[in-house]
Amino acid sequence: MKKGKLLVLPGMMWLAIFFALPMLIVVAVSFATRNSYGQVIFNFTLANYQRFFESLYLRIFITTIFTAIFTTVITFLMGYPLAYTIAFLPKKWQQPCLIMVMIPFWINFLIRSYAWVIILRSQGLINTFLMKAGLIVKPLALLYNDYAVMLGMIYALVPFMVLPIYVSIEQLDKRLLEAASDLGAPPMTAFRKITFPLTLPGIATGSILVFISSLGMFVVPDIMGGAKSALIGNIIQNQFLAARDWPFGSALSIVLGVLALILIMLYYKVLEGQKGGTNNEKELA
Amino acid sequence: MEEMVRLEHITKKFGNNIIIPDFNITIYDGEFITLLGPSGCGKTTLLRMIAGLETPTSGKIFLADQDVTSLAPYKRDVNMVFQNYALFPHMNVEDNIRFGLTMKKVPKEEQETRINQVLYLTQLETFRTRSPLQMSGGQQQRVAIARALVNNPKVLLLDEPLGALDYKLRKKMQLELKNLQRGLGLTFIYVTHDQEEALTMSDRVVVMHNGVLEQDASPDVIYHAPKSKFVASFIGENNFFDLDGNKALAIRPQKIQLCKEEDETSAGNNKVKYGTIVDVVFCGTIDKIYVRMDNSNDTVVAYQYLNDTIPWKCDTRVGVWWEKKDEVIVEK
Chain A
1 MKKGKLLVLP GMMWLAIFFA LPMLIVVAVS FATRNSYGQV IFNFTLANYQ
51 RFFESLYLRI FITTIFTAIF TTVITFLMGY PLAYTIAFLP KKWQQPCLIM
101 VMIPFWINFL IRSYAWVIIL RSQGLINTFL MKAGLIVKPL ALLYNDYAVM
151 LGMIYALVPF MVLPIYVSIE QLDKRLLEAA SDLGAPPMTA FRKITFPLTL
201 PGIATGSILV FISSLGMFVV PDIMGGAKSA LIGNIIQNQF LAARDWPFGS
251 ALSIVLGVLA LILIMLYYKV LEGQKGGTNN EKELA
Chain B
286 MEEMVRLEHI TKKFGNNIII PDFNITIYDG EFITLLGPSG CGKTTLLRMI
336 AGLETPTSGK IFLADQDVTS LAPYKRDVNM VFQNYALFPH MNVEDNIRFG
386 LTMKKVPKEE QETRINQVLY LTQLETFRTR SPLQMSGGQQ QRVAIARALV
436 NNPKVLLLDE PLGALDYKLR KKMQLELKNL QRGLGLTFIY VTHDQEEALT
486 MSDRVVVMHN GVLEQDASPD VIYHAPKSKF VASFIGENNF FDLDGNKALA
536 IRPQKIQLCK EEDETSAGNN KVKYGTIVDV VFCGTIDKIY VRMDNSNDTV
586 VAYQYLNDTI PWKCDTRVGV WWEKKDEVIV EK
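Protein sequence lines, in the order shown, are assigned to chains A and B. Read in order, the letters of the first sequence correspond to residues 1 to 285 in this note's numbering. Read in order, the letters of the second sequence correspond to residues 286 to 617 in this note's numbering.
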């Protein structure tokens, strides 16, 4: 027993040094000030958190959250049918399809984002084609707006939704669907009453992965959003690099983190309620 | 007797594999019929075709004189008890049982009455709000049966429903199932590879082999008058002696008598063959005695009951005989 416990030591140390300690530093810095050279000076203040409530930052914050929610919903609507289809393909086709979903990960994210720029810009693939075809006279503004940012985020995050949902559908005991059909449930009803509730854990995992990733996303808005659409990720990145205001950047990070945590907890509560009808979880707990 | 299920020239292929070449059967109202055979003989496939979970490659399926061959499972008036129960893990016992009633839009009050009824029948009243995940195999089994029965199906299909239970519980559930079927007067189509189960429970046993119906008769006839060597060897143990042509002689081990080589008086006028005992196996109520016959490679097995007086030992020379009336002639 004692020897077994030693095995967790390396992992625990790793967490302590590379997770807990940095986290504490960020918390500490968020209550500090800086001098005009950008040096962090430790004298306790709440000013950084007060500054967050300035309308400029509040507005960006709310936009970020709505963008993240929207991205999550769209990736879910796209990802679930895709995962479902793959999970019900013959076994030999499932692996190639999953690899196709994952292949984009093998290419650097920055390069993939620039690829979108090449496709969407004024002299880009789409505009050139439409103009040559005589369908439009002047280029459409496809890039550097909120839609482009959303497109980029959805593009980047769909796999995070597909994979966990695929796993949960794949693990679903298909005989349950036969039983449902045998008991008189047409396919859609069987999906609603059996498949969907039993794959909620996969949906939860996928949604949280996508939601968290899109909250902190700054590369996509940077490259595809132009100057107009900044998300909170860009502001934080700015504080640490261009503005050299580490205390404010830290405060923003903490607020973002805490809010994400609260939203995720709320989300789990709602999911529990969804399954509620039977109270299995509660009884087991 | 009214006809309940009729299969007409059913065939089934999976790819190039012919699972069922040509199958015909008529099942009557109120019958307890068992499809019996080794795994891979097509019995489960047949059952799934009756349920609609599998489509026959050709042929027709009639349910109470209505052609249901191309009818989806959720539109058929049959219910199935699955091999591993297939209970819905996110619903409690009551909601599992209610599922079929909700689908058929049975009025709320009637739902309650019917659920109470099957809970009583299956002795599950105290488990109403339990999750199936918290129940033992035998209890889950009961839920699966209750969930099927509550729909008042014309036919109940049972796919090796007792396979996952331990020996004692299986014996108990066999009796309970049989009583349930008699009490409700329902048609049961039961699939199993357990010959003992088939013999104790059924009104009629259909023995299958490689998708072909080998014999269709009452348990008594199946046991005492098997038609083929396959049936004779699959149901219980048997000894075979080849005859001319494609016939063989089958004699049950409990009908084989042993006598000392030097003292054949017990055999009377019956013909005695000779051999050497090669093994004696203790099986509780009986000893199984294996005798290698002289001048052949045949080994004959005889059962000896505890009240038999001679303590047979290996390497002893013995005489083997049986009465003419215990001989069964089967096709090879």
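Keep in mind that the hints are not guaranteed to be accurate.
Stated by the list, open to error - Simulated coverage check for chain B against chain A, where a stretch passes if three residues somewhere in it have a Cβ under 8 Å from a Cβ of chain A:
| id | stretch |
| --- | --- |
| 1 | 372–378 |
| 2 | 453–460 |
| 3 | 493–504 |
| 4 | 517–525 |
Claimed, not checked - Below, a list of computed lysine-lysine pairs in the PhoX-like style, where the Cα atoms sit at most 25 Å apart:
| id | chain 1 | residue 1 | chain 2 | residue 2 |
| --- | --- | --- | --- | --- |
| 5 | A | K174 | B | K453 |
| 6 | A | K91 | B | K298 |
| 7 | B | K345 | B | K298 |
| 8 | B | K298 | A | K174 |
As the list claims (entries may be wrong) - One side of the interface only, derived from the structure: several residues of chain B facing chain A at Cβ under 10 Å:
| id | residue |
| --- | --- |
| 9 | R333 |
| 10 | A336 |
| 11 | G337 |
| 12 | L338 |
| 13 | R361 |
| 14 | A429 |
| 15 | R432 |
| 16 | A433 |
| 17 | N436 |
| 18 | L442 |
| 19 | K512 |
FYI, nobody ran anything at the bench for these hints, they're computed from the structure. Where a beta carbon is used, it is the ideal one built from N, C-alpha and C, also for glycine.
Taking the hints in turn, this is what the structure says about them:
Counting residues of the stretch 372–378 of chain B whose C-beta sits closer than 8 Å to any C-beta of chain A gives 6, which meets the bar of three, so the coverage hint holds. Beta-carbon proximity to chain A at under 8 Å applies to 0 residues in the stretch 453–460 of chain B; the threshold of 3 is not reached and the given coverage is violated. Coverage of a stretch by a chain is defined here by at least three residues with a beta carbon nearer than 8 Å to that chain's beta carbons; for the stretch 493–504 of chain B and chain A the count is 0, and the condition is violated. Only when three residues or more bring their CB closer than 8 Å to a CB of chain A does the claim for the stretch 517–525 of chain B stand; here the count is 0, and the claim is violated.
For the suggested pair K174/A and K453/B, the alpha carbons sit about 30 Å apart, so the restraint of at most 25 Å is broken. Between K91/A and K298/B, the direct Cα distance comes to roughly 20 Å. Compliance with the 25 Å bound is thereby established for this hinted pair. Taken as a hint, the K345/B and K298/B pair is honoured in the structure, with Cα atoms around 15 Å apart against an allowance of 25 Å. Our distance criterion of 25 Å between C-alpha atoms is met by K298/B and K174/A, whose separation comes to about 22 Å.
Satisfaction of the interface hint for R333/B is found here, the shortest Cβ-Cβ separation to chain A being roughly 8 Å, below the 10 Å cut-off. At about 6 Å, the closest approach between the beta carbon of A336/B and any beta carbon in chain A falls short of 10 Å, and the interface hint on this residue holds. Against a cut-off of 10 Å between C-beta atoms, the interface hint on G337/B holds, since the closest Cβ of chain A lies about 8 Å away. With a cut of 10 Å, the hint placing L338/B at the interface with chain A holds, because the nearest CB-to-CB distance is about 5 Å.
Restraint check, R361/B versus chain A: the minimum CB separation of about 8 Å is within 10 Å; hint holds. Restraint check, A429/B versus chain A: the minimum CB separation of about 9 Å is within 10 Å; hint holds. With 10 Å as the threshold, the beta carbon of R432/B comes within range of chain A, its nearest partner Cβ sitting at about 7 Å, so the hint holds. For A433/B, the interface hint holds, since its Cβ comes within 10 Å of a Cβ in chain A; the closest pair sits about 8 Å apart.
The interface hint given for N436/B is met, as the beta carbon of that residue sits about 7 Å from the closest beta carbon of chain A, less than 10 Å. Against a cut-off of 10 Å between C-beta atoms, the interface hint on L442/B holds, since the closest Cβ of chain A lies about 9 Å away. With 10 Å as the threshold, the beta carbon of K512/B stays out of range of chain A, its nearest partner Cβ sitting at about 34 Å, so the hint is violated.
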